[in-house]
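Enquirer: Quick note, the sequences are listed as chains A and B, same order.
Mapping of the first sequence onto numbering that gives the first Met the number 0: position 59 corresponds to residue 58, and the numbering continues sequentially without gaps.
Mapping of the second sequence onto numbering that gives the first Met the number 0: position 98 corresponds to residue 97, and the numbering continues sequentially without gaps.
Do not rely on the hints blindly, as some may be mistaken.
[As the list claims (entries may be wrong)] With a cut-off of at most 30 Å between alpha-carbon atoms, the simulated DSSO-like pairs for lysine-lysine come out as follows:
#  : chain 1 : residue 1 : chain 2 : residue 2
1  : A       : Lys214    : B       : Lys28
2  : B       : Lys28     : A       : Lys186
3  : B       : Lys28     : A       : Lys320
4  : A       : Lys186    : B       : Lys45
5  : A       : Lys277    : A       : Lys86
6  : B       : Lys77     : A       : Lys141
7  : A       : Lys212    : A       : Lys88
8  : B       : Lys45     : B       : Lys58
9  : B       : Lys113    : A       : Lys217
10 : A       : Lys186    : A       : Lys212
11 : B       : Lys113    : A       : Lys141
12 : A       : Lys225    : A       : Lys212
13 : A       : Lys26     : A       : Lys88
14 : A       : Lys309    : B       : Lys58
15 : A       : Lys214    : B       : Lys58
16 : B       : Lys65     : A       : Lys186
17 : B       : Lys77     : B       : Lys44
18 : A       : Lys320    : B       : Lys58
19 : A       : Lys212    : B       : Lys28
20 : A       : Lys7      : A       : Lys26
21 : B       : Lys58     : A       : Lys217
22 : A       : Lys214    : B       : Lys44
23 : A       : Lys217    : A       : Lys309
24 : B       : Lys113    : A       : Lys320
25 : B       : Lys44     : A       : Lys320
[Said to hold, decoys possible] Every beta carbon over 10 Å from chain A, so not counted as near; a handful from chain B, in silico:
#  : residue
26 : Ile5
27 : Leu13
28 : Gly38
29 : Thr69
30 : Gln88
31 : Arg100
32 : Leu112
33 : Ala134
34 : Arg137
35 : Ile150
Treat the hints as calculated values from the structure; they're not laboratory data.
All C-beta atoms, glycine included, are put in the ideal place defined by N, C-alpha and C.
One-letter residues, chain by chain:
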Amino acid sequence: MVDQDNLKEVYERELKPKLQVLDALRKKVVRRQLLVLLCIVLLAGWFLSGTIETQPVFFWILFAVLVGGSIYFGVKAGSMWRDYRGKYKEEVVREIVRLIDPEWTYAPDQMISPHEYQQSDLFRRSYDRYRGDDLISGTLDKTDFRCSELHTEYRDVSYDKDGKRKERWVTIFRGLLFHADFNKHIKGQTYIEPDTAERLFGKWGQKFQMSSKGKLVKLEDRDFEKLFAVYATDQTEARYILTPAIMEALVNIRKQFGRKMHLSFIGARVFVALHFSKALFEPRMYSSCLRFEDVSFMHALFMMNAIIIKELNLNTRIWTKE
Amino acid sequence: METGTIVLLVVGGLVLLMVVGLYNNLIRKRNEVDFAFGGMDAQLKKRYDLIPNLVATVKEYATHEKELLTQVTELRAKAVSGNLSQDEQVAVDNQLSAGMRNLMVAVEAYPDLKASESFVNLQRNLTEVESQIAAARRTFNAVVTDYNNAIQVFPANLLAGMLGFTSRQLFSIPEEERQNVNVKQLFS
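Here chain B stands alone, though its shape is the one from the complex (with noise of 0.2 Å):
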C-alpha cells in the first residue's frame, strides 16, 4: 500500500473516532439533561400530592381565604392535566409557588389552625418538598448549561446542527429559592 493511502486512512480513522467520541458526548449530555427533567417532575408531583391535604386543613380552620384556596386548587388541577408544553409546565409551577406563598402568609392570622398537628406535619412535608424542588431544579440547570455549551463549542456545533441537537431554556429560579432561611421564616 502507499504512503500516501496508508496516511489518508489513519487521519479518516481518526476523523471517524472524533465524531463518534462527539456523538456519543452529546447524546450522554442530553440524556442527563432529561434524567434531570425527571427528578424534577417527580419532586413536582409530590407537591401536587400534598396541596389537597394541605387545601383541605386550610379550609377547615381559615374560613375567609376561599379565593386563595380556590386560585391553588385551581392551579393545581391545571398542572396535573398533562397536557402542559414544558414552558407552560414551568409557567405553572411558578403561578403554584406563589399561591401557596400567599396562602402560608394568609395562615399567619389563624393561630388555631397554626397549632394544629395535621397543620405542622403538612408545613415540614411541604418544606421538604420544595427544598427538594429547588435542588432539582439547580440540578436541572446545570446539566442544561453543561449540555447547551457541549453543543455551542466547535467542532461540536457542527454535528449538533446536523443532528438537530438544539439549545434547551434555563428555570429562573425564584429570589426566595436562593435563600434558604426565607423559607424558614415564611413558614415559622
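With the rest of the complex left out, here is chain A (with noise of 0.2 Å):
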C-alpha cells in the first residue's frame, strides 16, 4: 500500500509521465474550444455591425465557413474531451487506487445504486435525478466495502405572481457515500447526523434537536456532542455501537476529512456520507493537470475506505458476528 508519505516518489516515477502525455492531450482540446469560440465572435460582430445584407458573396462563403467550423471544432472538442476524461480516468485515477490496493475494484462509471441509496435511509427526500460515478470496491482483511461519488436532486417548481412555472434543482446529497460490512450484529437503526443546533445553541441546542428517525440519544464524549447528533430506534444498541472508542474515531474522521457527515447503522452494514460541493475525481480543463495536490487529494479520498474501516475498527471480529 503506497501511502501519504511515500506518494510523491510514485508520483513522479510513474504518474507524472502520464500526466504529461495528457495534458498535451488537454492543450489540444482547449485550442479546440478556443477555435470555436472565435468563430462564434467574428460571427457575432459581422452580426452586430449591421453591414450583413450589403456584403458580397465572398463573406457569405466566408460566413458558411464560420458556422461549419464552429460546428466542426464544437464536435472535435467534445469527443477529444471525452478521450482525455477517459485516459485521465483509466491511467491515473485507476492507477492511484491499484497503488492503495491491487485488489480493489475500480469501474469509472458505476455508482452505489438506488437501492443502496434507499437502504442507507440518510436522506429521505425523494430524488429526481440520481447521477453518479467512479465506483470502488473491495475488501480489507475481513470487510468488504463499496463506495462511488454521488449527486442526488430534486426539482422544486414554483410560479410567480404572473403565474410563470419556475424550475430549479436543489441538491439532496452531493458527495461521496461508502458503505461497508459492520463488525456487531444490529437489529434496530442508528444515525448520525451533523449537529447544528448544539453548535449554535450550546446545550440548549439539544432542546431543538429533533427527528423523525428516532429518538435523540445524549452520549458521554462532549467533543462528538458537538459535532453530531444521534438517533435510534433503539438507544441502548446505539451505544453498544458507539462506544467510547468508536466517537473518538468519528471524532477523528470528522477533523480528518474537514467535510459534513452523515452515517447510518442498519442492516449488517455502516453507512457513511461525506458532503464535498464539487465532482470529485475529474481532471481539470482550464489549467494543467500534471499537479501533485490533485493527486494526493484522490489518493485521501480513496484512502478514505480504509481510514474508516480501520478507525472503526471493522475488522475487529471478537463479538458473536464473524
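Starting from the two chains in their separate frames, assemble the complex, guided by the hints.
Expert: Structure (C-alpha cells):
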C-alpha cells in the first residue's frame, strides 16, 4: 500500500509521465475550444456591425466557413474531451486505486445503486435525478466495502405572481457514499447527523434536536456531542455501536476530512456520506493537470475507505458476528 | 363574572396545567429509569447464563485454576439468588466482572483451551454480552442523569419533594469497559 508519505516519489516515477501525455491532449482540447470561440466572436461581430445585407458573395462563403468551422471544432473538442477524461480515469485515477490496493476494483462509470442509497436511509427526501460515478469496491481484511461519488437532486417547481412556472434543481446529497460490513449484529437503526443546533446554541440546542428517524441519544463524549447528533430506534443499541472508542474515532474522521458527515447503522452495514460541493476524480480543463496536489487529494479520498474501516475497528471480529 | 375572578380562574388553570405537565414529565423520566434498569438486568442475566458453560469448559483444561473458578461460581450464585438490594447487586456484579477478567488472563497459560472451538465460541458470546452490558449501563446512567436533573431543578423539585421522588445512584463504569480495545486485548 502506497501511503501519503511515499506518494510523491511514486507520482514522479509513474504518474507524472502519464500526466504529461494527458496534458498535451488537454491543451489540444482547449485549442479546439478557442477556435470555436473565435468563430462565434467573428460571427457575432459581423451581425452586430449591421452590414450583413450589403456584403458580397465572398463574405457569405466566409460566413458558411465560420458556421461550419464552429460546428466542426465544437464536435471535435467534445470527442477529444471525452477521450481525455476517459484516459485520465483509466490511467491516473485507476492507478491511484491500484497503488492503495491492487485487489480493489475501480469502475469509472458505475455508482452506488439507488437501492443501496435507499437502504442507507440517510436522505429520506425522494429524488428526481440520480447521478454518480467512480465506484470503488473491495475487501480490507474481513470487511467488504463499496464507495462511489453520488449526486441526488429534487425538482423544485414554483410559480411567480404572474403564474409563470419556475423550475430549479435542489441538491439532496452530493459527495461520497460509502458502506461496509459492520462487525456487530444490530436489529434497529442508528443515525448520526451533523449537529448544527448544539453548535449554534450550546446545551440549549439539544431542545431543538428532533428527527423522524428516532429518539435523540445523548452521549458522554463532549467533542462528539458538539459535532454530531445521534438518533436511534433503540438507545442501548446506539451505545452498543457507539462505544467511547468509536465516538473518538468518528471525531478523528470528521476532523481529518473536514467535511459534513452523515452515518447510519442499518442491517449488516454501516453507511457513511461525506459531503462535497464539487465533482471529484475529474480532470482539470483550463489549467495543467500536472499537479501533485490533485493526485494527493484523490489518494486521500480513496484512502478514506481504509481509514473508516481501520478507525471504526471493523476488522475486529470478537463479537458474535464473524 | 367579575374581571378579577376571570383572571384568578385563568391563572389557576395555568398553574394546574403546569403542575400536571411537571408531574407527567417526572413520571415519564422515572419510568425510563426503570426501563433502563430492566434492560441492564436482562443483559446481566445473559452473562449469568454463560458462566456455567464457561466454568465447565475451563475446568476441563485448566486444572490449576480451581480457586478462581470456585470464586466465579459462588459470585454467580450470589447474583442470581434474587435477595440483594440494588446496591448489593451492583457490587456483586462488579466483583463478578473482575473475577471473569482474572479468569480470562489465567487461561492464557492453557493453549489447548484457547484453541478449543467451544471456548472460542464462549469467548465471543462473552465479549458480546460484556459490550451489551456496558451499553446498557451507559443508557442507565444517561436516563438517571436526566431524571436526577429533572427532580432537582426549580419548580419541579417542589413537586418531586412532595411526591417522594428521590435521586438515583449512577453506576460507576469500570475503566476497562470504557476502552473497547482493551476488551479485545484481554480476549485475544
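Enquirer: With reference to the structure, classify each hint as holding or not holding.
Expert: Comparing the hints with the structure gives:
1. With a C-alpha separation of about 14 Å, the suggested pairing of lysine 214 of chain A with lysine 28 of chain B holds against the 30 Å cut-off.
2. Distance check on the hinted pair: lysine 28 of chain B and lysine 186 of chain A sit about 25 Å apart at the alpha-carbon level, within 30 Å; holds.
3. For the hint linking lysine 28 of chain B to lysine 320 of chain A, the alpha-carbon distance of about 34 Å lies beyond 30 Å, and the restraint is violated.
4. Using a Cα cut-off of 30 Å, the hinted pair lysine 186 of chain A and lysine 45 of chain B holds, with the two alpha carbons roughly 18 Å apart.
5. A hinted pair counts as satisfied when its Cα atoms are at most 30 Å apart, and lysine 277 of chain A with lysine 86 of chain A qualifies at roughly 21 Å.
6. Restraint check for lysine 77 of chain B and lysine 141 of chain A: the C-alpha separation of about 41 Å exceeds 30 Å, so the hint is violated.
7. Our distance criterion of 30 Å between C-alpha atoms is broken by lysine 212 of chain A and lysine 88 of chain A, whose separation comes to about 38 Å.
8. For the proposed pair lysine 45 of chain B and lysine 58 of chain B, the alpha carbon gap of about 21 Å is at most 30 Å, so the pair holds.
9. The hinted pair formed by lysine 113 of chain B and lysine 217 of chain A fails the criterion: a straight-line CA distance of about 39 Å is larger than 30 Å.
10. For the given pair, lysine 186 of chain A sits about 15 Å from lysine 212 of chain A by alpha-carbon distance, which is consistent with the 30 Å threshold.
11. Distance restraint check for lysine 113 of chain B and lysine 141 of chain A: the Cα-Cα separation of roughly 22 Å lies within the 30 Å cut-off, and the hinted pair is therefore satisfied.
12. Of the supplied pair hints, the one linking lysine 225 of chain A and lysine 212 of chain A holds, its CA atoms being roughly 20 Å apart against a limit of 30 Å.
13. Between lysine 26 of chain A and lysine 88 of chain A the CA atoms are separated by roughly 17 Å; this keeps the pair inside 30 Å, and the hint holds.
14. Restraint check for lysine 309 of chain A and lysine 58 of chain B: not satisfied, since their Cα atoms lie roughly 37 Å apart, outside the 30 Å limit.
15. Note on lysine 214 of chain A and lysine 58 of chain B: the hinted pairing is violated, with a Cα-Cα distance of about 45 Å set against a maximum of 30 Å.
16. Proposed proximity of lysine 65 of chain B and lysine 186 of chain A is contradicted: the alpha carbons are some 39 Å apart, above 30 Å.
17. Among the hinted pairs, lysine 77 of chain B with lysine 44 of chain B is consistent with the structure: their alpha-carbon atoms are about 13 Å apart, no more than 30 Å.
18. In summary, the hint linking lysine 320 of chain A to lysine 58 of chain B is supported, as the alpha carbons are separated by about 26 Å, within the 30 Å threshold.
19. Between lysine 212 of chain A and lysine 28 of chain B the alpha-carbon distance is near 21 Å, which keeps this suggested pair within the 30 Å criterion.
20. For the proposed pair lysine 7 of chain A and lysine 26 of chain A, the alpha carbon gap of about 24 Å is at most 30 Å, so the pair holds.
21. Annotation: proposed proximity of lysine 58 of chain B to lysine 217 of chain A is violated, straight-line Cα distance about 43 Å (limit 30 Å).
22. Of the supplied pair hints, the one linking lysine 214 of chain A and lysine 44 of chain B holds, its CA atoms being roughly 26 Å apart against a limit of 30 Å.
23. Restraint check for lysine 217 of chain A and lysine 309 of chain A: satisfied, since their Cα atoms lie roughly 25 Å apart, inside the 30 Å limit.
24. For a cut-off of 30 Å, the pair hint linking lysine 113 of chain B to lysine 320 of chain A stands: about 19 Å separates their Cα positions.
25. Restraint check for lysine 44 of chain B and lysine 320 of chain A: the C-alpha separation of about 21 Å stays at or below 30 Å, so the hint holds.
26. For isoleucine 5 of chain B, the requirement that its beta carbon stay farther than 10 Å from each beta carbon of chain A is met, with the minimum near 33 Å.
27. At roughly 21 Å, the least C-beta separation between leucine 13 of chain B and chain A is larger than 10 Å, which holds for a residue marked as non-interface.
28. With a least beta-carbon separation of about 5 Å from chain A, glycine 38 of chain B fails to lie farther than 10 Å from that chain, contradicting its non-interface assignment.
29. Annotated as non-interface, threonine 69 of chain B keeps its C-beta farther than 10 Å from every C-beta of chain A; the closest such distance is 27 Å.
30. Residue-level check passed: glutamine 88 of chain B sits 18 Å from the nearest beta carbon of chain A, beyond 10 Å.
31. Arginine 100 of chain B, annotated as away from the interface, keeps every beta carbon of chain A farther than 10 Å; the closest lies near 15 Å.
32. Separation of leucine 112 of chain B from chain A is adequate, the least Cβ-Cβ distance of about 17 Å exceeding the 10 Å criterion.
33. At roughly 4 Å, the least C-beta separation between alanine 134 of chain B and chain A is not larger than 10 Å, which violates its mark as non-interface.
34. At roughly 5 Å, the least C-beta separation between arginine 137 of chain B and chain A is not larger than 10 Å, which violates its mark as non-interface.
35. No Cβ of chain A approaches the Cβ of isoleucine 150 of chain B within 10 Å, the least distance being about 17 Å, so the stated non-interface status holds.
Checked against the numbered hints listed earlier, the structure breaks hints 3, 6, 7, 9, 14, 15, 16, 21, 28, 33, 34; every other hint is satisfied.
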